[in-house]
Structures are given as structure tokens and as C-alpha cells.
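Q: So the sequences go chain by chain: B and S. Read left to right, the first sequence gives residues 1 to 421 (this note's numbering). Read left to right, the second sequence gives residues 1 to 421 (this note's numbering).
Calculated from the structure, these hints are not laboratory results. Remember, it's a predicted structure, so these values are computed and weren't measured experimentally. Beta carbons: idealized from backbone N, C-alpha and C, even for Gly. It cannot be assumed that every hint is accurate.
Said to hold, decoys possible - Each pair of labels, with its calculated beta carbon distance range: (1) Q28(S) to P245(B): 29 to 35 Å; (2) G380(B) to P245(S): 54 to 60 Å; (3) Q28(S) to A246(B): 30 to 36 Å.
Protein chains: 2
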Amino acid sequence: MSYASQEPEALIAEMGARARAAAGLLAQAPTTRKSAALHLAAAAVRGTAPDILAANQADLQRARAAGLSTAMLDRLELNPSRLAAVADALDEIAALEDPVGQIIDRRTRPNGLVLERVRVPLGVVGIIYESRPNVTADAGALAMMSGNAVILRGGSEARDSNRAIHAALVAGLTAAGLPEDSIQLVPISDRAAVGAMLRAAGVIDIIVPRGGKSLVARVQEEARVPVLAHLDGIVHLYIDAAADPAKARDIAVNAKLRRTGVCGATETLLIDRRFADPAAILAALADAGCTLRGGDEVRAIEPRAEPASDEDWDTEYLDAICSVAFVDGVAEAMDHIARHGSHHTDAIVTEDAATAEAFLAQVDSAIVMWNASTQFADGGEFGLGAEIGISTGRLHARGPVALEGLTTYKWLVRGTGQTRP
Amino acid sequence: MSYASQEPEALIAEMGARARAAAGLLAQAPTTRKSAALHLAAAAVRGTAPDILAANQADLQRARAAGLSTAMLDRLELNPSRLAAVADALDEIAALEDPVGQIIDRRTRPNGLVLERVRVPLGVVGIIYESRPNVTADAGALAMMSGNAVILRGGSEARDSNRAIHAALVAGLTAAGLPEDSIQLVPISDRAAVGAMLRAAGVIDIIVPRGGKSLVARVQEEARVPVLAHLDGIVHLYIDAAADPAKARDIAVNAKLRRTGVCGATETLLIDRRFADPAAILAALADAGCTLRGGDEVRAIEPRAEPASDEDWDTEYLDAICSVAFVDGVAEAMDHIARHGSHHTDAIVTEDAATAEAFLAQVDSAIVMWNASTQFADGGEFGLGAEIGISTGRLHARGPVALEGLTTYKWLVRGTGQTRP
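Construct the complete structure from the given sequences, taking the supplied hints into account.
A: Have a look at this one:
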């Protein structure tokens with residue numbers, strides 16, 4: 001079938017109809033069959049590694065010719081060890097607990113009706129992502145393993161890599177006896193396809209955007225399909241007066257600098273004025289190459305710090321930069337977080353359990369941590385086995401989203417002839 | 001404060017800011033205090049019954065002068081017994097189990113981190129509804145009891161009744177020491193206020209529309225805030241070959257005719273051609289005053305039936321009208337439901353458990369029933385104590401939505417100084 005000549009709306013409608021048909025079969029598919037498809041897909045990735053790497057080289061050549069940045073090229077690049085990790089991830093997703101069919105609750109009514117809420121797949125999931133080709137495998141596998149048909153729309157720069165990886169996924173589906181339309185890849189790379197997906201209400205049940213700010217902003221503006229959005233991670237680490245200085249230093253350095261480009265990386269450090277040793281923390285960060293930004297109070301303690309502007313408090317640096325502010329106690333820290341946070345992840349370091357519990361209860365973020373690095377904000381670290389994103393929205397799923405977040409439920413009512421009075 | 005002269009956007013922004021502040025307090029409020037506020041509000045409704053009934057008379061007079069239909073006037077009308085029911089409902093909601101603070105799951109990671117998912121309120125809930133003034137009390141109470149601040153926008157025809165009931169709710173909140181901004185009523189009645197609410201992303205966390213098709217269509221088109229939508233209830237009842245004829249007849253008459261205006265009322269009856277006694281069911285419906293619509297096969301059995309048009313299969317009558325079709329077995333019935341249903345409620349009558357389980361598993365609706373009247377599709381009948389609506393969407397909450405559906409969760413991570421390798 002030649003999709004590439006179709007208008008984007010017609011293309012998405014047709015892919016959506018095929019996805020819906022596949023979703024009906026996938027929703028009833030046993031766990032073992034879905035797992036088998038992913039193990040077979042992993043084998044196909046390993047078996048066709050030379051083809052996938054060659055396709056990736058073609059993408060990289062085009063990207064270099066187009067003058068993409070080194071960071072973009074790095075995200076796009078596959079090599080034997082990265083590709084082995086793609087295959088391993090498929091095997092790991094195949095081993096995850098299947099939420100489909102789980103009974104959430106059951107009750108018997110006085111009239112004898114037996115009610116159950118049972119997890120079922122969402123249906124047709126659309127995933128829009130950018131340059132990393134591993135998302136084709138990860139996201140496709142997570143959606144399929146949770147019983148959904150998925151329509152993948154990757155970045156045009158990764159076109160050939162995505163096609164090669166997608167072929168391996170389809171090989172796995174077919175070998176396991178599941179419909180190949182369970183995981184479809186949008187075959188055209190113009191941006192109109194994204195718009196058509198965002199408007200496809202009733203055709204696509206949920207859109208998961210995985211990308212930078214411009215993608216997310218476009219999705220928020222245009223989508224008529226519900227979105228599981230992953231917005232900014234303006235992550236705060238608050239060092240309380242009662243923090244253990246060594247723990248506070250180790251957590252701060254790890255939270256900020258372990259990897260600076262991940263959404264769980266700390267961006268703003270808040271320090272209680274009564275905390276014993278702020279200088280050691282600021283020095284440790286600066287020594288490790290972190291640019292600090294703060295007010296006079298901060299720069300008096302750590303001369304390497306630069307002045308902070310108003311914008312700094314609302315900025316997700318995703319870089320070795322950290323804004324630092326002193327506060328008077330946990331209440332002022334929570335107030336700062338309420339004004340500047342993005343409801344992603346925020347953490348407190350303290351040995352005072354009452355202060356910690358107040359922070360845990362009152363900070364309105366998807367993830368709130370006590371005495372742990374914010375870099376743990378990750379589906380794998382949470383034991384979910386994987387993640388399709390970290391939801392900063394309040395509806396449906398919040399925080400790391402894996403298989404369960406890609407399901408909904410239905411109510412089953414079993415009676416013996418009851419009529420309602 | 002005089003809101004009424006403000007532009008709708010500024011008004012909603014200001015009400016939203018007050019709601020957000022109230023939500024912060026409500027999220028931490030103990031169950032006993034929220035319950036007390038509702039019991040006190042119930043007492044205030046009873047204590048100010050003459051005022052509320054007088055306000056309702058003013059609304060009714062305006063509505064009669066404006067030529068509203070008898071059905072509209074009936075929905076608008078309060079009388080002493082209906083008002084007593086409003087107060088009783090507040091007492092009942094006060095006694096519901098509070099989902100806030102419930103621990104959904106807990107896990108300890110190999111590195112010692114302890115993870116909990118804990119239910120928390122959604123935040124600020126907007127409810128847009130039409131003429132029934134009891135919704136002011138019901139919806140306001142459900143949202144507040146689940147820890148949310150709520151902005152209510154009732155129909156202009158019920159303006160005075162809503163204000164009087166709202167005053168009783170505020171009296172309860174104040175007497176219990178909760179912020180009066182926990183339940184706010186939009187003080188202007190022009191339709192621009194609805195648009196301002198629908199666009200208030202970040203100010204209002206979720207909109208619950210409770211009204212007819214035109215409201216829901218507008219909400220679906222305009223909303224930038226997530227919506228918990230209650231769409232059509234094109235409800236099917238399938239009588240299988242293996243149905244018990246007496247049960248089938250009783251369920252069919254109840255499912256169609258107990259109340260025809262509710263969303264759980266059956267609209268289409270599907271009958272297996274091998275079922276023993278279709279004539280008795282069709283006669284019972286026609287005898288009870290139901291207009292039947294079907295093809296030649298139906299009219300050959302029940303001469304009072306009218307011809308059905310193509311539209312009938314996609315119509316929610318909400319009236320004593322029933323479309324009827326014969327099918328060859330459960331697979332054809334499920335295919336009809338997949339093409340014409342609205343994913344609300346669908347039911348099978350059969351004594352064959354395997355057929356029933358196939359229907360329960362494969363019909364993709366919020367509620368799927370076996371040997372029970374579709375009129376049981378109701379939060380109260382499901383033991384939820386109440387309902388703010390029946391969600392036909394797939395995200396967040398599905399089917400009857402009560403307190404739990406008005407909450408989300410957050411992840412709490414408790415550590416002892418862990419950093420991520």
C-alpha cells in the first residue's frame with residue numbers, strides 16, 4: 001500500500017481505522033502472545049542490526065549535511081551498544097506485569113448485582129516524538145504490551161532508522177500471530193501529519209508527545225485528542241535547617257549534576273538560612289563545574305556565583321547551571337515552589353520527620369521526595385520497568401507513566417435478572 | 001465584592017485565583033471538617049427553605065414569562081419535598097468515604113527508597129450545568145468533599161435558586177472553618193462566562209459539563225481545559241438465543257421504560273433470531289406505550305411497530321421509543337454495538353455464561369452488563385453514594401464518577417540520603 005501520496009487527514013483516518021481493528025484483537029490478546037511478539041522483535045532487532053545501523057548512517061549523513069547540532073546528532077546516533085540496549089529494552093518490556101484484565105475492585109450490591117472494575121487498554125495511542133530512534137521501539141512496545149494499537153510519528157531526521165526498527169517490531173508481531181497494524185509508523189515526514197494526528201478525535205484516543213518545548217506547546221495548542229503531556233521539569237531541592245550536611249551535599253551534587261539534561265535534574269536549590277553549612281554545598285557544585293546563579297546572599301558565600309535574574313526562577317536549564325536562593329524555613333520554600341515550580345518533582349533534605357511530612361503533603365507535584373536525589377524521577381527507578389513519559393498533568397496518570405498509565409477500566413455488572421425499582 | 005461588572009476572563013481569573021488558594025487549604029482539610037461543612041450546609045438548606053423556595057418562585061415566574069417548556073419548568077422547579085431531598089443528599093455526601101490520603105500502592109526499591117502513590121484532590125474543578133438547581137448542591141458538595149475547590153456555573157434560568165442554595169453551602173463552609181471560596185458560583189449569567197471557563201487552562205484543572213447535547217458539543221469544541229465529558233447514551237440491550245424469556249421481557253421493559261429520560265435507558269433492542277419468544281417482548285413494550293421501530297422482520301412480529309430509518313440506530317431517544325433489530329448471534333450484536341454504540345452502557349440477557357463473558361470482555365463500553373437492566377447505570381446504584389456524571393471518555397475516569405473520580409494521585413518517595421548511580 002502506498003500511503004505516502006495521501007493527504008495527511010486521509011492517511012491518519014485510514015491508519016486509525018486499521019489501528020482500531022488491531023486494537024480490538026490486541027485487547028483480547030493473552031499476555032504470553034504480546035510478550036512473545038516483543039521477544040521476537042528483540043531478536044529481529046539483533047538479527048537485522050547491520051541494516052538498522054546502515055539506515056542510521058543514512059540518517060546521520062543527511063543530518064550532518066543539514067548542519068544539525070552535535071547534541072542532535074548524538075541523540076540520533078545508534079551504534080552497536082545502543083542498538084543492543086534497544087533490543088534488551090524490548091525483552092524487558094516483554095517481562096513487565098500486564099495490567100490488562102486486572103480487577104481493580106469488586107463489590108456486591110444489596111440487590112445481588114456483582115460489580116467489577118477491570119483494566120482494559122486505552123485503545124489507539126498516538127506517539128509524536130523527535131530524533132531518538134530508540135523511542136520507536138520503546139514507545140511502540142509499551143503501548144502494544146498494554147494492549148493498545150499505536151501510531152508512531154517520529155522525527156523526519158530519524159526516518160530511515162525508525163523504518164528499520166519498525167520493520168523489526170512488525171516482524172515480531174507477525175511471527176507471534178498479532179496484527180501488524182498493532183504498531184504503525186506514519187510514513188510521511190511533513191509536519192502536517194502531526195496536525196492531522198492532533199485533530200483526530202475519535203480516531204486516536206490519546207496522544208503522548210515526547211519532545212522539546214516547541215512540540216509540547218504545539219500539542220497543547222492544537223490537540224483535540226486528549227494529551228498525556230510531559231511539560232517542563234523545573235525541579236527544586238530544598239535543604240532544610242535540619243538537613244544532615246553530608247547528605248545534603250551529596251544529594252545536591254547528584255540531583256543537579258549526575259545528568260543535567262534529564263527532566264528530573266534539579267534546577268533550583270533552596271537553602272534554609274539556618275542550615276549549618278551552605279558554603280560546602282555551593283563549593284561542591286561550583287567545583288564540579290556547575291554555574292551558580294543567585295542573589296547577593298549567595299554570592300557572598302560562593303564568589304564564583306553569578307547574579308540571578310527574575311527569569312532564572314522559572315527556567316529549566318537542562319544544563320550545568322543552578323539557581324540558588326536562601327529561604328526562611330520550609331513554608332517559604334514551599335511558597336517558592338508553588339510560585340515557580342512545574343508540578344514535576346520537588347525534594348526536601350532534612351532529618352526532621354515532621355518537616356518532611358509537611359513538605360510531602362503540601363507540595364503539589366507529581367513526585368515529592370524526602371532525602372533522595374531528584375534524579376530518581378524515572379519510571380525504571382520507580383520499578384515500573386520503563387516509562388513512556390512523566391506526566392505533569394493532573395488527569396489520568398501523574399508522574400512516570402508505564403503500562404498501567406496506558407490503560408483505562410470498564411465496569412462489568414453481572415446479575416441474575418435484576419430490574420431497577 | 002462586585003464581580004458582575006467584570007469582563008468574563010478577568011472574573012474567571014480572579015475566581016480561579018481564589019479557588020486555588022482555597023484548594024490548597026481544602027487538600028489538607030481532615031475528612032471530619034469537610035463532612036461537618038456539608039452537614040451544616042444541609043441544616044442551612046433546611047433552615048432557609050422559605051428563602052430558597054421564594055427564590056425558586058422568582059426563577060419560575062421569569063421562566064414562565066419567557067415561555068420555557070413544561071419539561072424545562074419541571075427541571076427548574078423546587079418544592080418542599082425536592083428541597084428536602086437536596087438537604088438529604090448533602091448529608092449523604094458528607095458520609096461518603098473520603099478518597100483523599102488513601103494509599104493506592106506502596107513499594108520499597110532495592111536501594112531502600114520507599115514509594116507510595118497517595119490520592120490527592122484534582123485542584124480546581126469547574127462545573128457547567130443547566131436548569132436543575134439541585135446540581136448546585138450536589139456537584140458543589142461532591143467536589144468539595146473530595147478536597148477540590150469548585151467554580152459552579154449554573155443556567156441563567158435558575159439564577160436566584162442557585163444563589164440561595166449557594167448561600168447555604170457557604171454558610172456550612174464558614175461554620176465549619178473552611179474557606180468560603182471552596183465553592184464559588186459564577187455571578188454573571190451570560191454565555192461568555194462559559195467560554196472563559198473553557199479557556200482557563202492552568203486556572204481550572206478540569207471541567208465537568210452537565211447538560212444537553214448543545215452544551216457538550218460546545219465544550220468539546222472550545223475547551224482548552226481537560227473535560228470529563230458525559231456524551232450520548234446510545235444504550236443497547238441484546239437478547240441472546242439462550243436468554244430466559246421471562247427475564248428478558250422484564251429486563252427489556254424495565255431497561256427501556258422505567259424512566260426514558262435517563263442516560264442508562266435502553267435505546268436499541270437487539271434480538272437473536274434463535275431467541276424463543278421475541279413477540280412477547282415486543283408486545284410487552286408496545287402494551288406499555290413504547291413506540292417500536294424496526295425492519296420488516298420486526299413489523300411482521302409486532303404490527304404496531306413503525307419502520308426504522310438509518311438514523312434510528314444512532315439516536316438517543318430519551319423517550320418511549322425503541323429501535324429493534326434481529327441479529328444472528330452475539331457476534332453480530334457486538335458488531336452492531338461497535339458501529340452504533342456510544343461506549344456508555346450495553347447489556348446482554350442470556351443463560352449461557354460463555355456467551356455472557358465474551359460479551360462482557362469484548363464490548364468496549366464504560367459499563368457492560370449481564371442479566372440486569374441498563375437502568376442500573378448510576379453512581380448511586382453502583383454504591384458510589386452519588387455521581388457527578390457518567391464519563392463516556394476513556395481517560396481518567398470511566399462510567400459513574402463520584403469522589404474518587406475527582407481525585408488524582410501523587411508519588412511520595414522517602415529516602416535516607418540515596419543518590420542515583
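Q: Does each hint hold? Answer for all of them.
A: Consistency of the hints with the structure:
{"no.": "1", "hint": "Q28(S) to P245(B): 29 to 35 Å", "in the structure": "holds (30 Å)"}
{"no.": "2", "hint": "G380(B) to P245(S): 54 to 60 Å", "in the structure": "holds (57 Å)"}
{"no.": "3", "hint": "Q28(S) to A246(B): 30 to 36 Å", "in the structure": "holds (32 Å)"}
Consistency note: the structure conflicts with none of the earlier hints.
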